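Undergrad: Start from the sequences and build out the full structure, keeping to the hints where you can.
There are 2 protein chains.
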Amino acid sequence: MSVAETGPKDSGRRARGGADARRAQRQKPKLVQNPYIVRKIPLVTVLDEEGLTTIENNADTILQEIGIEFRDEPEALELWKAAGADVKGTRIRFPKGLPRSIIQKSAPREYIQHARNPERSVRIGGDATVFAPVYGPPFIRNLDEGRRYATIEDFRNFVKLAYMSPSIHHSGGTVCEPVDLPVNKRHLDMVYSHIKLSDKPFMGSVTAPERAADTVEMAKIVFGEKFLETNTVITSLINANSPMVWDGTMLGAMKVYARANQASITTPFILAGAMSPVTAAGTLAQVLAEVLSGAATSQLYKPGAPVIFGVFASSISMQSGAPTFGTPEPTLVSLAAAQIARRLGIPFRTGGSLCASKVPDAQAAYESAQTLLPTLQAGTNFVLHGAGWLEGGLASGYEKFIMDADQLGMMQTLAKGIDLTENGQALSAIREVGPGSHFLGCSHTQANFETAFYRSSIADNNSFEQWLAEGEQDAAQRANKIWKRMLQDYEAPALDPAIDEALLAFLAKRKAAAPDSNV
Amino acid sequence: MSVAETGPKDSGRRARGGADARRAQRQKPKLVQNPYIVRKIPLVTVLDEEGLTTIENNADTILQEIGIEFRDEPEALELWKAAGADVKGTRIRFPKGLPRSIIQKSAPREYIQHARNPERSVRIGGDATVFAPVYGPPFIRNLDEGRRYATIEDFRNFVKLAYMSPSIHHSGGTVCEPVDLPVNKRHLDMVYSHIKLSDKPFMGSVTAPERAADTVEMAKIVFGEKFLETNTVITSLINANSPMVWDGTMLGAMKVYARANQASITTPFILAGAMSPVTAAGTLAQVLAEVLSGAATSQLYKPGAPVIFGVFASSISMQSGAPTFGTPEPTLVSLAAAQIARRLGIPFRTGGSLCASKVPDAQAAYESAQTLLPTLQAGTNFVLHGAGWLEGGLASGYEKFIMDADQLGMMQTLAKGIDLTENGQALSAIREVGPGSHFLGCSHTQANFETAFYRSSIADNNSFEQWLAEGEQDAAQRANKIWKRMLQDYEAPALDPAIDEALLAFLAKRKAAAPDSNV
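Sequences listed follow chains A and B, in order.
Count the first sequence with the working numbering and you get residues 113 to 631, in order.
Count the second sequence with the working numbering and you get residues 113 to 631, in order.
Please note: incorrect hints may appear among the correct ones.
Note that identical chains are pooled: a pair holds if it fits in a single copy or bridges any two copies.
Capping the alpha-carbon separation at 20 Å, the derived lysine to any residue pairs in SDA-like fashion look like this [unchecked claim]: (1) LYS208 to ARG543; (2) LYS193 to PRO207; (3) LYS528 to THR157; (4) LYS528 to LEU155; (5) LYS308 to ARG183; (6) LYS308 to LEU619; (7) LYS200 to ARG543; (8) LYS200 to GLY546; (9) LYS208 to GLU181; (10) LYS208 to LEU456; (11) LYS208 to SER218; (12) LYS623 to THR263; (13) LYS528 to THR166; (14) LYS217 to THR319; (15) LYS193 to LYS208; (16) LYS596 to GLN216; (17) LYS200 to ALA625; (18) LYS200 to SER549; (19) LYS623 to GLN600; (20) LYS528 to GLY163; (21) LYS152 to ALA626; (22) LYS297 to ASP628; (23) LYS623 to GLU322.
I should point out that these hints are in silico values taken from the structure, not numbers from a laboratory.
Treat the numbers as computed from the prediction; the structure is a model and nothing was measured.
TA: Structure below.
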């Protein structure tokens with residue numbers, strides 16, 4: 113399953129039809145999309161060979177001596193028994209090296225997640241990095257309304273914003289939790305929104321195995337049943353119930369996806385000090401044990417199904433027990449976990465733009481930047497929570513989304529590294545200008561004017577006087593205007609009307625099949 | 113001049129005398145000071161051997177073909193002529209490799225800058241990182257007053273705040289520009305404030321050679337004339353007038369310091385696109401040429417005088433020409449310049465907590481964090497602008513200072529890397545807790561309670577409800593309270609009254625020697 117030769121494609125415009133559309137195109141800003149990142153800068157590491165071996169040995173010890181709980185999923189117990197593990201009740205203890213060898217035998221090192229627009233397909237693994245938006249918050253926050261429960265309208269808004277953000281490569285999953293829809297049916301409208309309102313790849317429902325099955329059915333309507341037999345079009349988030357528990361809901365969803373050839377991100381959800389030891393090395397050993405047991409299970413369900421080594425790394429405040437973000441310890445865990453994942457040989461997910469702050473203030477930004485930069489530097493392949501995360505994941509922030517998306521653009525530029533071509537070396541410019549002059553108008557500067565530096569969409573770099581004259585706005589106030597303008601300018605990507613009808617028919621049928629329920 | 117064996121000393125409390133002082137000590141928070149950083153995490157790099165060689169060759173080409181202007185400093189021209197350079201007017205062209213060989217022959221790889229409190233002395237170079245506060249702004253900003261011109265009272269306040277900040281290791285220099293004092297005398301009160309109000313190492317005046325000489329005289333009063341003959345107690349900032357010009361003021365100050373055995377930071381001040389080409393590789397070649405010519409000049413003035421490879425790396429907005437900060441391009445320049453400085457073999461300075469934002473908002477924090485983390489990762493030895501920088505260096509921010517100082521603490525923790533001791537591995541905790549439980553009360557957590565995680569002084573990690581109840585404050589509002597409380601709690605470190613009298617007598621004499629002037 114080598115996909116390394118598949119490079120990302122750049123595309124500055126999208127196909128549109130009709131005179132009206134052409135007129136609209138002239139009036140509205142062109143929709144620029146960056147391809148997923150192919151990292152040119154060196155990886156950043158924190159552990160040497162001896163440290164990595166120590167962590168791996170400790171993970172083996174945990175798997176052998178303590179074992180992992182597999183709850184409410186008898187088939188997993190049977191599969192592990194057959195594979196040679198020691199199964200007592202719901203506790204599985206693993207012979208040394210068994211989960212690793214199962215993973216390395218069949219799990220792909222990288223895979224393509226196809227989007228309905230082939231130009232938006234992404235490679236997950238290797239030297240590629242894919243940014244996806246925030247996942248999971250039940251609340252939203254914006255400057256106009258403050259904080260309130262999220263609705264399906266908010267969900268659609270965040271899908272639209274992600275679709276329009278040049279360096280968000282993936283539409284994500286639960287961009288916010290639409291609590292105005294019944295729990296047992298909302299996944300239908302969520303998945304439909306991703307398909308209808310965006311053409312980027314998306315994530316599937318994992319809150320129940322049958323909802324995962326619905327996601328697969330909808331994907332078949334879009335991509336064709338045959339295509340899914342050999343291709344991956346859904347990547348979904350399978351969280352461990354740390355410490356050392358996989359539950360039936362998550363395993364059941366993973367089973368549905370794996371058997372349909374779709375990808376799972378097996379992710380220990382760690383607030384160190386609560387779900388893992390207070391130390392980085394202890395946390396890493398536990399994380400590795402959990403990932404090894406979970407990812408290997410995906411291979412028992414279906415050898416060859418794509419599976420990602422995930423870790424959500426945070427700590428708690430020792431005073432209050434509250435989760436903290438953007439602090440040094442999770443950075444160390446993320447960087448080391450990336451090294452461990454590379455040695456295991458499957459794609460890696462961590463980080464994003466995490467913060468504890470309730471509002472898009474300096475705390476939010478420091479914490480997010482201190483999470484995001486190491487996320488890129490670690491060589492993370494799939495980055496959930498790339499934009500919009502606020503309040504420890506309790507709120508999706510509209511302004512925060514815009515600010516973070518700008519930072520993702522900066523990461524995209526940073527990952528290109530230093531241009532050492534003749535134009536990059538710019539000796540001609542230095543010769544032309546000489547001592548005591550300036551480069552503002554020299555021919556090299558003019559030739560590189562359009563692409564010279566990353567242009568932030570949100571930063572104010574104007575003079576103090578101009579900033580005063582424009583109302584002394586802070587970044588959040590500027591971001592507020594940007595997301596509103598983007599939603600005004602939004603235009604849905606084309607979708608084959610027959611597919612749309614079939615999807616809507618599927619939604620109607622599934623909604624009619626059971627009464628609304630919030631369980 | 114090997115000082116590698118001199119490790120930093122930790123100190124949790126300071127000596128005090130008398131019952132009153134002891135009572136005060138009980139009421140006020142203990143003054144904790146962290147030693148300078150000794151980096152345990154791997155260096156982050158962006159260029160390979162071939163890239164580095166390309167930059168070095170291009171710098172040699174610039175030095176040979178274009179040359180560097182040395183203005184208003186005839187002695188430098190004479191010294192370079194004698195050293196074998198091609199001097200025509202004020203333009204010096206250098207035989208290939210000459211500046212490098214002069215530097216490598218005598219400039220120390222690292223040095224100790226002594227503080228009047230020996231526990232606060234810092235090692236500059238090698239695996240050490242020293243954080244100093246913001247340098248240069250003519251304005252201050254705080255939430256109460258907005259932005260206004262800085263005064264000597266502000267200067268004293270920032271010296272006090274730096275003194276009380278655990279991870280600011282150095283008192284810095286022009287923490288703000290006290291524009292209420294005459295230009296030709298303000299340096300006296302500035303240097304005196306650093307000595308009197310702090311016991312951390314400090315920087316000297318560079319605005320005129322005679323002001324540098326005043327700084328040296330004051331240092332002799334504090335440390336003794338004999339001590340200065342063989343020790344460094346001042347590190348000062350010598351900016352190039354980029355592109356490719358050294359001016360007489362800066363060279364004159366450097367000459368005074370070098371001949372007194374004191375350290376200079378030779379720093380190209382670069383807004384790429386204005387003072388250097390718009391590309392990173394072009395900027396790096398020019399920076400290296402400027403540093404080589406400047407640092408070698410320090411060695412011609414006085415072989416063995418400590419000299420630092422500095423680079424202030426920023427870009428301009430191609431739309432407005434305004435400087436931008438926290439963008440990807442300066443990050444690449446800083447990381448690569450650090451590699452180049454290590455190959456040259458002298459200490460390195462770059463970065464800090466730079467931003468373009470006028471206020472301590474999300475923009476300020478994103479930009480500062482995106483500058484600071486790479487600064488640490490580059491292995492930067494001396495970090496100016498570590499705390500307080502706002503508005504492209506036009507304003508020293510009180511709240512920004514507090515926020516940044518907290519981030520410096522995080523960098524200090526990050527630099528320690530992952531603890532792989534038995535306690536760090538924490539297998540006992542994982543064994544004790546087991547699957548499905550939590551680590552909150554386990555004995556390993558309790559044993560590590562005090563030191564487990566970095567504790568932010570400014571982040572709010574409380575529940576949403578508690579945050580609401582406490583008035584929905586953002587980070588800037590919390591920082592506002594913190595700096596005010598710190599200034600209230602401030603107590604000056606002890607200073608020998610005889611030294612203090614001698615300093616004040618020197619100030620009086622020098623102030624009386626000439627009329628006030630703002631030139």
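Undergrad: Give a verdict on every hint.
TA: To see whether the hints hold, each was checked on the structure:
1. With identical chains, the CA atoms of LYS208 and ARG543 are at most 20 Å apart between copies only, with a shortest distance of 17 Å across copies and 63 Å within one.
2. In this assembly of identical chains, the alpha carbons of LYS193 and PRO207 lie at most 20 Å apart only when taken from the same copy (11 Å versus 75 Å across copies).
3. In this assembly of identical chains, LYS528 and THR157 lie within 20 Å of each other by CA distance both inside one copy and across copies; the values are 19 Å within and 13 Å between.
4. When the C-alpha separation of LYS528 and LEU155 is checked against a cutoff of 20 Å, the pair qualifies both within a copy, at 13 Å, and between copies, at 19 Å.
5. In this assembly of identical chains, LYS308 and ARG183 lie within 20 Å of each other by CA distance neither inside one copy nor across copies; the values are 36 Å within and 66 Å between.
6. Proximity of LYS308 and LEU619 under a CA criterion of 20 Å is satisfied intra-copy only: 13 Å inside one chain copy versus 75 Å between copies.
7. For the homomeric pair LYS200 and ARG543, the shortest alpha-carbon distance between copies (18 Å) is at most 20 Å, but the shortest distance inside one copy (76 Å) is not.
8. Proximity of LYS200 to GLY546 under the C-alpha cut-off of 20 Å is restricted to the inter-copy arrangement: shortest distance 15 Å between copies versus 77 Å within a copy.
9. Taking the shortest alpha-carbon separations for LYS208 and GLU181, only the intra-copy value of 17 Å comes in at or below 20 Å, while the best inter-copy value is 68 Å.
10. In this assembly of identical chains, LYS208 and LEU456 lie within 20 Å of each other by CA distance solely inside one copy; the values are 15 Å within and 48 Å between copies.
11. Taking the shortest Cα distances, LYS208 and SER218 sit within 20 Å of each other inside one copy (18 Å), while across copies they are farther apart (57 Å).
12. Taking CA atoms no more than 20 Å apart as the test, LYS623 paired with THR263 passes inside one copy only; the shortest distance there is 18 Å, against 69 Å between copies.
13. For the identical chains of this complex, LYS528 and THR166 are inter-copy neighbours only, at 18 Å across copies versus 33 Å inside a copy, given an alpha-carbon limit of 20 Å.
14. In this assembly of identical chains, the alpha carbons of LYS217 and THR319 never lie at most 20 Å apart, being 29 Å within a copy and 68 Å across copies at closest.
15. Taking the shortest Cα distances, LYS193 and LYS208 sit within 20 Å of each other inside one copy (15 Å), while across copies they are farther apart (71 Å).
16. Proximity of LYS596 and GLN216 under a CA criterion of 20 Å is satisfied in neither setting, with 47 Å inside one chain copy and 58 Å between copies.
17. Neither within a single protomer nor between protomers do LYS200 and ALA625 lie at most 20 Å apart by alpha-carbon distance, with minima of 39 Å and 91 Å respectively.
18. Within a single copy, LYS200 and SER549 get their C-alpha atoms only as close as 78 Å, which misses the 20 Å cut-off; across copies the closest is 18 Å, which meets it.
19. For the identical chains of this complex, LYS623 and GLN600 are neighbours neither inside a copy (30 Å) nor across copies (64 Å), given an alpha-carbon limit of 20 Å.
20. In this homomeric assembly, LYS528 and GLY163 come within 20 Å of each other (Cα to Cα) only across copies, at 14 Å, whereas the closest approach inside a single copy is 29 Å.
21. Neither within a single protomer nor between protomers do LYS152 and ALA626 lie at most 20 Å apart by alpha-carbon distance, with minima of 51 Å and 59 Å respectively.
22. Taking the closest pair of Cα atoms, LYS297 and ASP628 come within 20 Å of each other only inside a single copy of the chain (7 Å); across copies the shortest separation is 79 Å, beyond that limit.
23. In this assembly of identical chains, the alpha carbons of LYS623 and GLU322 lie at most 20 Å apart only when taken from the same copy (13 Å versus 84 Å across copies).
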